[in-house]
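Novice: So you can see what is in the structure, the chains are spelled out below.
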Amino acid sequence: MLEEANRIKDRLRACRTADEVRNVADEERETVLEMAKTPEGKTQAIQIANLKAYTLDCIKNQRDE
Amino acid sequence: MRVSGQQRETEKTVPHNVALEQQILGAVLNNNNLFHIHCGPVRAEHFYEPTHGRIWTLMAGRILKDHIASPVVLKGELENDPGLKDLGGVSYLARLSGAAVASFALADYVRELIETAERRRLLEVAEEIVGAINSGGTSSDAAAAMELAAMSVAENAPVARSMSLLSAHTKSITAINDAYQNGAVGVSSGLRDLDELLLLKPKRSTVLAGATSMGKTSLATWLSYHAAKTGYGVGFVSLEMGEEDLANRINSIDSRVPYQAMDRPLSETLFRKVVEAAKKQEALPIEIMSDRVRDIPAILSETRRLQAKWKPEGDFKGLGMLVIDYLQLVRGRGNAFEVLTQVSRDTKSIAKMLNIPVVALAQVSRDMSKRESKVPHLGDLRGSGDLENDADNVIFCHRPSYYLERMEPPERADDRADWEDSISASKGTMDIIVAKQRMGPLGTVRVGCDLATNRFWDLQTQTEVDF
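These protein sequences, in sequence, are chains A and B.
Using the UniProt record's numbering, you'd call the opening residue of the first sequence number 1 and step up by one each time.
Using the UniProt record's numbering, you'd call the opening residue of the second sequence number 1 and step up by one each time.
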């Protein structure tokens, strides 16, 4: 599970535009929501969701600058 | 094969039938389908000749995986078997095939094989009982050993002990009615989420397993405490800790003084808390069986004594649970694997005989610590006798924070932040993994825990993940 979570996090980290982030989210949503069903996976899923929000925020800030 | 004089003498007295074993092996080698039709109850230990047992294990393993088991394919796997060399080498397999019994007679042969093995085993038990009595064993332990043997004969009988559907329905409806009238049938853990997944029911044996330091004994202590608080008498076989240590653990639940601190001089305030908790708990029906009760017959006779002593009255429901801490420390005969196999089978017999749930703690294989994912699974119990097969339920204790805290901190800043987040999310929690449940769902529940005081509680449900 940790491996799967790290793979998704790496994909999110590699995104350079908001569209790329949304594409990754669309493709991985099912996996992440499935992951969130177990106590151990839930922590990972929350981290992934946080990373998505953080990446989108960084991209937005860069664009605004 | 050469046999010594002493061995020949033993063979005269020990019931066995090597020709019958050869004919069964031959019949299945010739037609693997017969394994499924007639040989369900046959196990390797039913064979007197150890090489036959090994051939059977190999054959059964292949057939169960839908592979062919014939003399030709077994040849490669058995050619270095020293026992087979003594019997004439791999050509022995072809001889077995030639000695096959006709398929219509196989069912009778299987019955005879199991009957002979049971007679052998009973003789062993009888000799052991005689030995124990001669060396000063108590009559109640001897009687319990006889009772266990009788129970096991009944269970292993190749003839099915049947029950009509009508009787089965009557029993089931009585249990459903009991549940309706008196609430759920079974001992509650005091943890809402766990109770929804699994209740400790009479006649069921539950293996509570986990790696070292995962909190198995803490959880067992909590379960015993909660069962006693809700009116069930609990027998606790403590083979690892002394009575005082277990008493300290139970005390810590109410006093909230860490049980490890009780070995050192306490401040007056803490000492007062310990004494108050001891007073509050003095009426709790928990009986600790110390290391003088080390084998299954002794555990059975002691638990029987408790059942006779604790009569249900008012809110008190009599003996409601037996905890064994832990299975690998229960004594028996044979090597460690044989002892554990026998003990896990007998544990289930005790649950059935006394009509109570039995919770037996077990250590998982150390190999688990070497792999990347530390989440335990049923495979980790393999090599521990037939634990995962015999038990009705298998639950694992797992604390992710234990492993996370011992990890090398990640170098990358955001990985490190995630790692710290994971630690704080799992700190003070335990995952209780229901990995096997006869007649019930599987799943994992996360509960809050403080192992220093053996306390457990339900966690608030986390918010949904929005991704």
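I should point out that these hints are in silico values taken from the structure, not numbers from a laboratory.
Quick reminder that beta carbons are idealized off the backbone N, C-alpha and C, glycines included.
Please note that a few of the clues may not be correct.
Calculated cross-link-like contacts (lysine to any residue; reagent style SDA-like; alpha-carbon spacing at most 25 Å) [stated by the list, open to error]:
no.: 1; chain 1: A; residue 1: Lys-37; chain 2: B; residue 2: Leu-122
no.: 2; chain 1: A; residue 1: Lys-42; chain 2: B; residue 2: Leu-122
no.: 3; chain 1: B; residue 1: Lys-436; chain 2: B; residue 2: Leu-122
no.: 4; chain 1: B; residue 1: Lys-352; chain 2: B; residue 2: Leu-122
no.: 5; chain 1: B; residue 1: Lys-374; chain 2: A; residue 2: Glu-20
no.: 6; chain 1: B; residue 1: Lys-374; chain 2: B; residue 2: Gln-437
no.: 7; chain 1: A; residue 1: Lys-37; chain 2: B; residue 2: Lys-374
Over the 12 Å line for every Cβ pair with chain B, so calculated as not near, a few chain A residues [said to hold, decoys possible]:
no.: 8; residue: Ile-8
no.: 9; residue: Thr-17
no.: 10; residue: Ala-18
no.: 11; residue: Glu-28
no.: 12; residue: Thr-31
no.: 13; residue: Lys-37
no.: 14; residue: Glu-40
no.: 15; residue: Lys-60
no.: 16; residue: Gln-62
Novice: Compare the structure with each hint and give your call.
Specialist: So, going through the hints one by one against the coordinates:
1. This hinted pair does not check out: Lys-37 of chain A and Leu-122 of chain B have alpha carbons roughly 50 Å apart, beyond 25 Å.
2. Taking the CA atoms of Lys-42 of chain A and Leu-122 of chain B, the gap is about 53 Å. The hint is violated against a cut of 25 Å.
3. Taking the CA atoms of Lys-436 of chain B and Leu-122 of chain B, the gap is near 31 Å; set against the 25 Å cutoff, the hint is violated.
4. Taking the CA atoms of Lys-352 of chain B and Leu-122 of chain B, the gap is about 20 Å. The hint holds against a cut of 25 Å.
5. This hinted pair does not check out: Lys-374 of chain B and Glu-20 of chain A have alpha carbons roughly 33 Å apart, beyond 25 Å.
6. For the suggested pair Lys-374 of chain B and Gln-437 of chain B, the alpha carbons sit about 21 Å apart, so the restraint of at most 25 Å is met.
7. Under the criterion of a C-alpha separation no larger than 25 Å, the hint pairing Lys-37 of chain A with Lys-374 of chain B is consistent with the structure, at around 19 Å.
8. Not every Cβ of chain B is farther than 12 Å from the Cβ of Ile-8 of chain A; the closest lies at roughly 10 Å, contradicting the non-interface assignment.
9. Every CB of chain B lies more than 12 Å from the CB of Thr-17 of chain A, the least distance being 18 Å, so the non-interface label holds.
10. The beta carbon of Ala-18 of chain A sits about 15 Å from the closest Cβ of chain B, which is more than 12 Å, so the claim that it is off the interface holds.
11. Non-interface status of Glu-28 of chain A relative to chain B is broken: a Cβ of that chain comes within 12 Å, the nearest being about 8 Å off.
12. The beta carbon of Thr-31 of chain A is not kept farther than 12 Å from every beta carbon of chain B, the shortest such distance being approximately 10 Å.
13. For Lys-37 of chain A, the shortest C-beta to C-beta distance to chain B comes to about 9 Å, within the 12 Å cut-off, and the non-interface label is violated.
14. The non-interface label for Glu-40 of chain A is inconsistent with chain B: the shortest C-beta to C-beta separation is roughly 6 Å, within 12 Å.
15. Non-interface status of Lys-60 of chain A relative to chain B is upheld: no Cβ of that chain comes within 12 Å, the nearest being about 18 Å off.
16. Against chain B, the non-interface label of Gln-62 of chain A holds: every CB pair exceeds 12 Å, the least being about 16 Å.
Of the numbered hints listed earlier, those contradicted by the structure are 1, 2, 3, 5, 8, 11, 12, 13, 14.
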